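Mapping to our numbering: the sequence shown position 168 is 168, numbers consecutive.
Since no wrong hints were added, every one of them can be taken at face value.
Calculated pairs, DSSO-like style, for lysine-lysine (alpha carbon to alpha carbon, straight line, at most 27 angstroms):
id, residue 1, residue 2
1, Lys311, Lys344
2, Lys311, Lys293
3, Lys276, Lys293
Here are the computed distance ranges between Cβ atoms for each label pair:
id, residue 1, residue 2, range
4, Gly260, Ala350, 40 to 50 angstroms
5, Ala40, Ser292, 42 to 52 angstroms
6, Arg28, Gly294, 45 to 55 angstroms
7, Gln91, Asp23, 16 to 26 angstroms
8, Arg28, Asn119, 31 to 41 angstroms
9, Leu258, Thr179, 10 to 20 angstroms
10, Glu369, Leu118, 21 to 31 angstroms
11, Asn119, Glu196, 26 to 36 angstroms
Since the hints were made in silico from the structure, they are not lab data.
None of the values given here were measured: they were computed from a predicted structure.
Ideal Cβ placement from N, Cα and C applies to all residues, glycine included.
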Amino acid sequence: MSHLASARRLVVKIGSSLLVAKDGTLNRAWLAALCEDLAALRGRGGEVIVVTSGAVAVGRRHLALADGPLRLDEKQAAAATGQIRLAHAYQEALALHRITVAQVLLTIDDSENRRRYLNARNTIETLLRLGVVPVINENDTVATQEIRFGDNDRLAARVAQMIGADTLVLFSDIDGLYTADPRRTADARFIPEVRELGPEIEAMAGDPGSNLGSGGMVTKLQAARIALAAGCRMAIAPGKSLHPLQRMQEGGRCTWFLPGQEPLTARKQWIAGSVKPQGTLHVDAGACQALSKGGSLLPAGVVGVDGDFQKGDAVLVVNGAGRAVARGLSAYSAEDARRIIGRKSGDFEALLGYRGRDEIIHRDDLVLE
Numbered sequence: 001m002s003h004l005a006s007a008r009r010l011v012v013k014i015g016s017s018l019l020v021a022k023d024g025t026l027n028r029a030w031l032a033a034l035c036e037d038l039a040a041l042r043g044r045g046g047e048v049i050v051v052t053s054g055a056v057a058v059g060r061r062h063l064a065l066a067d068g069p070l071r072l073d074e075k076q077a078a079a080a081t082g083q084i085r086l087a088h089a090y091q092e093a094l095a096l097h098r099i100t101v102a103q104v105l106l107t108i109d110d111s112e113n114r115r116r117y118l119n120a121r122n123t124i125e126t127l128l129r130l131g132v133v134p135v136i137n138e139n140d141t142v143a144t145q146e147i148r149f150g151d152n153d154r155l156a157a158r159v160a161q162m163i164g165a166d167t168l169v170l171f172s173d174i175d176g177l178y179t180a181d182p183r184r185t186a187d188a189r190f191i192p193e194v195r196e197l198g199p200e201i202e203a204m205a206g207d208p209g210s211n212l213g214s215g216g217m218v219t220k221l222q223a224a225r226i227a228l229a230a231g232c233r234m235a236i237a238p239g240k241s242l243h244p245l246q247r248m249q250e251g252g253r254c255t256w257f258l259p260g261q262e263p264l265t266a267r268k269q270w271i272a273g274s275v276k277p278q279g280t281l282h283v284d285a286g287a288c289q290a291l292s293k294g295g296s297l298l299p300a301g302v303v304g305v306d307g308d309f310q311k312g313d314a315v316l317v318v319n320g321a322g323r324a325v326a327r328g329l330s331a332y333s334a335e336d337a338r339r340i341i342g343r344k345s346g347d348f349e350a351l352l353g354y355r356g357r358d359e360i361i362h363r364d365d366l367v368l369e
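Using the sequences and the hints given, assemble the complete structure.
Below is the structure:
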């Protein structure tokens with residue numbers, strides 16, 4: 001059985017360049033074919049969640065906004081009018097199959113804040129239990145540049161992780177991962193399957209290739225990291241042709257990212273999916289070795305602190321070469337962390353005026369990259 005055919009809970013991400021024509025009109029024939037595929041999957045007992053782009057691209061046409069980059073306020077205005085048309089198009093297309101649609105708009109804060117994350121998860125779980133297809137997009141009308149995902153690849157992965165999906169498909173205008181950008185490098189080699197996201201794979205990412213969307217291969221690999229940590233397989237697949245899910249199931253070309261280990265606990269999945277860490281901790285070789293063996297991060301192994309984070313915020317942990325080796329929840333604010341780095345726990349009270357935790361990140365609050 002193929003990876004897609006065995007999917008019980010599937011998240012499908014649709015890019016702007018697939019759904020919206022260059023003149024800003026919706027590609028309704030393509031959407032109708034996609035919805036036929038979704039209905040067929042549901043007919044086999046699967047659950048479906050759609051993460052869609054396209055609101056800004058559709059809305060800017062109706063507001064007669066000029067071509068080129070938009071200011072944030074113009075983008076928010078375009079999203080506000082485009083989202084109505086986008087949701088209605090999905091509603092009409094899926095109603096032909098007697099499927100109810102629900103619109104869910106999320107910001108990065110809804111996934112980074114633990115309480116709002118749980119609330120969003122409960123809402124989506126309830127919709128699925130009632131037989132509804134949630135259609136999810138980023139809430140561009142209220143999000144500032146600082147609190148945006150900025151792409152729906154990572155949003156889709158965060159949603160997949162949030163609701164325990166077993167399969168995530170990112171439809172794109174490219175048919176998978178290559179050793180280099182095939183549009184620029186003639187001898188670029190196609191990679192059909194990835195089981196580990198090491199530096200070699202990450203180096204294959206190129207720049208965004210579409211003027212309609214905001215995602216590129218970099219964000220797709222970031223999405224893969226989130227999905228794999230949750231035990232969710234992910235595919236980068238071509239979406240331009242009609243019936244893209246059916247084509248995948250029939251053996252169409254795509255790249256599958258397959259988890260090689262058991263999914264993390266729910267808390268560690270949330271940490272691993274953190275899209276916007278608030279700071280960075282630079283660590284020495286000894287600390288890296290301790291982390292690789294399952295240890296906590298002690299202040300004695302930290303050599304530098306970047307950012308202005310608070311206690312409980314997500315931070316990246318990087319080695320001497322500047323490569324991220326872990327991420328976790330800091331037990332100290334950036335200000336206090338700078339006071340205790342390189343020091344033993346017995347010194348903390350004199351330095352801070354109070355005795356905090358021995359670890360700057362406890363192993364229960366830490367996930368290796």
